[in-house]
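Engineer: Chains as they are written, first to last, in this note's numbering: chain V, 1 to 244; chain C, 1001 to 1480; chain E, 2001 to 2218.
Read the hints as simulated data drawn from the structure, not as lab findings.
The beta carbon of each residue, even a glycine, is placed where N, CA and C say it ideally should be.
Where hints are given, some of them may not hold.
Computed list of chain V residues with no C-beta within reach of chain C, every gap over 12 Å [to be verified]:
1) V8
2) P90
3) V104
4) N228
Here chain C is said to cover these stretches of chain E; the calculated rule only asks that three of the stretch's residues, wherever they fall, bring their Cβ under 8 Å from a Cβ of chain C [what the hints assert, rightly or not]:
5) 2078 to 2092
6) 2127 to 2140
7) 2146 to 2152
8) 2173 to 2183
9) 2187 to 2199
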Amino acid sequence: MMKVQLFVTCLGENLLPDMLQKMVGILERIGVSCEFPEGQTCCGQPFFNSGFQKEGREIALLWMKMFADTDGYIVAPSGSCVEFVKHRYPKMFPEGTAEHKIAVQLAERVFEFSQFLTNIMEITDLGAFFPHRVACHSPCHLTRGLGVRDEQQRLLRAVRGLELISLNDAETCCGFGGIFSVVYPEVSMAMMEAKVMNIMASNAECVVVSEPGCLINIRGGLQKMNSNIRAMHLIEILAQEGAA
Amino acid sequence: MKDITARIDFRANTQAVSPAMVAATQKNARTALLKRSEVVVEFGEERWQQLRRAGRELRLHALTHLDRYLSMVEENVIAAGGHVHWARDAEEAHSIVLDIAMQNSVRNIVKVKSMVTEEIELNHALEGRGIRVYETDLGEFIVQLAGQRPSHITAPALHMTKEEVAALFREKLKVDAQPDPKLLTEIARQRLRKEFLTAEMGISGGNFLVAETGTLILVTNEGNGRMCTSLPPIHVAIVGIEKVIPDWESAAVMLKLLARSVSGSKITAYNTFITGVRKDGPREFHLVLLDNGRTQILRDEIARETLMCIRCGACMNICPVYNQVGGHAYGAVYPGPIGSILTPLLIGTRIAGGLPFASTLCGACSDICPVMIPITEILLHLRRRFVEGDDFEGSSISGTLKAIAKAGRYVLGSPSLYRLGARMGKIFQAPLRSGDWIAAMPSPLDRWTMARPFPAFRGDFRGWWKKHKNAKDISGGKAS
Amino acid sequence: MSKGKSAREEIFAKMRLALESFSSSPIYPLPASAKFEPRVAGGSDEEIEKMLREVTRLSGHARRIQGRAEFAGALGNLVKTEEVRTAALSDHPRYADYGIVDLLKSFGVAILSPDEDKRRLEDCDLGITIADAALPETGTILLRTTQGQPDVLSLLPRVHLALVAPETLLADIHDAFAMAKADRHFVLVSGSSRTADIEKVLTLGVHGPKSFHLWICD
Chain V
1 MMKVQLFVTC LGENLLPDML QKMVGILERI GVSCEFPEGQ TCCGQPFFNS GFQKEGREIA
61 LLWMKMFADT DGYIVAPSGS CVEFVKHRYP KMFPEGTAEH KIAVQLAERV FEFSQFLTNI
121 MEITDLGAFF PHRVACHSPC HLTRGLGVRD EQQRLLRAVR GLELISLNDA ETCCGFGGIF
181 SVVYPEVSMA MMEAKVMNIM ASNAECVVVS EPGCLINIRG GLQKMNSNIR AMHLIEILAQ
241 EGAA
Chain C
1001 MKDITARIDF RANTQAVSPA MVAATQKNAR TALLKRSEVV VEFGEERWQQ LRRAGRELRL
1061 HALTHLDRYL SMVEENVIAA GGHVHWARDA EEAHSIVLDI AMQNSVRNIV KVKSMVTEEI
1121 ELNHALEGRG IRVYETDLGE FIVQLAGQRP SHITAPALHM TKEEVAALFR EKLKVDAQPD
1181 PKLLTEIARQ RLRKEFLTAE MGISGGNFLV AETGTLILVT NEGNGRMCTS LPPIHVAIVG
1241 IEKVIPDWES AAVMLKLLAR SVSGSKITAY NTFITGVRKD GPREFHLVLL DNGRTQILRD
1301 EIARETLMCI RCGACMNICP VYNQVGGHAY GAVYPGPIGS ILTPLLIGTR IAGGLPFAST
1361 LCGACSDICP VMIPITEILL HLRRRFVEGD DFEGSSISGT LKAIAKAGRY VLGSPSLYRL
1421 GARMGKIFQA PLRSGDWIAA MPSPLDRWTM ARPFPAFRGD FRGWWKKHKN AKDISGGKAS
Chain E
2001 MSKGKSAREE IFAKMRLALE SFSSSPIYPL PASAKFEPRV AGGSDEEIEK MLREVTRLSG
2061 HARRIQGRAE FAGALGNLVK TEEVRTAALS DHPRYADYGI VDLLKSFGVA ILSPDEDKRR
2121 LEDCDLGITI ADAALPETGT ILLRTTQGQP DVLSLLPRVH LALVAPETLL ADIHDAFAMA
2181 KADRHFVLVS GSSRTADIEK VLTLGVHGPK SFHLWICD
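Could you build all of it, start to finish, from the sequences and the hints given here?
Structural biologist: Right under this line is the structure:
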């Protein structure tokens, strides 16, 4: 049986627990057995990308310790966390060291959720039903970082009743950027507002934001505007079952 | 950039930006990007990627053998009757140009737009000695009259409206100026015509130097580039040492990349190729090769790729941060993504260390760069320099921020402390929470909530997982 | 000058020190990956059409001229519409093929040589050049300014007319460079002098000629 180690992400676990439960639900439904390494905390990206590379490396070593003795794929609902493990971890440690070897092995096992479904499980139709107009934001690390460009759209197109509508400047950054949001809050806000304006102008009822950081940013922005548009992770839509 | 001694406060700068500047920045960027897409499609997306790869390889190769290629340039320029001067820094460059000017009783200079001359503030040095310098690119002419800095590396006056330009011309040139771009351009043309014909010296920068023959390439649209380098009896070209390319095949690759990346034209109106002196041209040609921190950047194996830049401006056109704040917010000659790495490399992270953080690391710049500079990598590299220090510069971060990071690392480095922290978060948020949201948080977390509410800590994934797993184990592996 | 010498030495020393520390192995000469395949040309009529189209896109006036009679008519028309009273030519042998000197004289146009004082050329209405080559890919002409047609000829007069022989059309900019790279000076001209520096509004004839005409003459 296909086995997956759940990589829940620090933002996901603490701020989007419902979405994580749904991720487990979907995986189990398609015959994947899930395990959860309980010692996981964070992949280290917030430290490393803020210039605290030493601390980032230390947190990464902890993450590696928690996942190294597991087997199966490692799946996260986040392109940026996956990109960090896949691309950055091997670069953090000098070639030839034990850490580097472990990093490379882990890098091969880690996948973002929509990547895992379409490319590994080769499933695009989960029998989901969501009769709404849906626009799709393109998270920067998922698309430009991991090269996951049309997997989300393929999964959304298989959802019955769903009308996929285009979003202006879908690939433009939403302004979260990790610490950027607190170092340059005014600029972050301006970028977030531009994204929210585009979402509102798209006439969508719902916008797919499959990245925890982007999701809390955009959801908060829509809330501030008193908008009825729901920002949802792709997982939350795919989990919507019902009669076709 | 010597005048920048105080820390560049990007945040403060962004708060002083006018909505008009933002609107003009976005308009310029959108137009350029749209036209660029069209010509890239026409060129063929795959062919374009091959061209970018070729551009990167040749620029990297040239940097890896910079000493060799610069020797070739020097040899060839001298053989063609030109003079070659070497300037370690801005002061030396000023001295060299002033010496040439003094020796030739130069009173008036006509100048082609050149970023490197702005970097070293050449005009200021010349004007300080009573020599008049006329910027002749329309955009530069305008910002020079206005006493402002350019806000974009290829469209210097994009932030000014035609009404502002008209008012400026009325005030400074004492002419009746209507807010019509065509009429305003005509005024500039007439005004500068006389200067082109009578100036004793022309100063230019250089887009590329071809080592194979020692040829200076100038890429322009207006005609002033040709005027300044053909009419006055003396031509002085100031070029950063990193601008060398190996040969004419490389020149072809560079020219195919450049105009398309700048503004979506396939080629600019005029490309001028100058090797030493010629009949019917200036009687003297002086090439001033400038270091000004470039050899230092060359030592840094990750950051040296910054020197591959061909000054197209595509990175700033696509940058979502630049598009919200405009060029002046970057506090120096080079704005946008390239500015965020080049400025701290040239003047240090102590002063410009805030700039590498003026990015969400979205990666759009690295994607669009015609010579594939890994801008995101270099941003991360410079963030590390600011926080931890490295072989080039010591750490510049405050003790407070260091302490916060250490505390964070401590919590996240311990699974039990991390889980405890989550439980504490749920408790402490109680008075601030309203349903699913926290509208305001105490400083410094108010930096988030000033822009939008923060989601409340809810639910308990680990608790749910425990129950879920138990249920599964009981029911023999079936999901509940 | 000893000060200059030490600057040179110091810069070279710094460069060599920096380059020594690179971990990547030096690649010399230029690797194959740094090269890009030149464009392959289409058929001659196709190339001529492309040239005309590209120049028009760049706000130039481009046309094909077949035969002396058409040439005479076109030149007369140009003189009239652009109000040409003075024109500048050089000694390029090709002018004789078109009988330009006599034609201009017959239209009452005074002829200047580009060796004239620049100021006179500044007041000149029309500068006529013979293009050394043309690049249809981008609507570009090559002017080898050290071969008898100085730069000012196509720069100072109010109107620039470039004459192109069809057999001089080249496939790729590489070919233009192969021709001219040993020259001390040459120019690639693509359409009209232009700017969009004020509010992105395209304006022609900034510092260069106010209008650009290109005739491909059979």
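Engineer: Does the claim that V104/V lies outside the interface with chain C hold up, using a Cβ gap greater than 12 Å?
Structural biologist: holds, 19 Å
Engineer: Please verify the coverage claim for the region 2187 to 2199 of chain E: does it have three or more residues whose C-beta sits within 8 Å of some C-beta in chain C?
Structural biologist: holds (count 13)
Engineer: Against chain C, does the region 2146 to 2152 of chain E show at least 3 residues with beta-carbon separation below 8 Å?
Structural biologist: Held - the region 2146 to 2152 of chain E has 4 residues with a Cβ nearer than 8 Å to chain C, which meets the minimum of three.
Engineer: Counting residues of the region 2078 to 2092 of chain E whose CB is closer than 8 Å to a CB in chain C, do you get three or more?
Structural biologist: violated (count 0)
Engineer: Mind verifying the non-interface call on N228/V? Its CB should be farther than 12 Å from each CB in chain C.
Structural biologist: Answer for N228/V: holds, closest chain C Cβ roughly 15 Å.
Engineer: Determine whether the non-interface label on P90/V survives the test: each CB of chain C must be over 12 Å from its CB.
Structural biologist: The assertion about P90/V holds, with a minimum of 14 Å to chain C.
Engineer: Just checking, V8/V versus chain C, shortest CB gap more than 12 Å?
Structural biologist: Non-interface label on V8/V violated, nearest chain C Cβ at 6 Å vs cutoff 12 Å.
Engineer: Taking a Cβ-to-Cβ distance below 8 Å as contact, does the region 2173 to 2183 of chain E have at least three residues touching chain C?
Structural biologist: holds (count 8)
Engineer: Count the residues of the region 2127 to 2140 of chain E with a beta-carbon closer than 8 Å to any beta-carbon of chain C: does the count reach three?
Structural biologist: Since three or more residues must qualify, the claim that chain C covers the region 2127 to 2140 of chain E holds, with 4 doing so at under 8 Å.
In summary, the numbered hints that this structure violates are 1 and 5.
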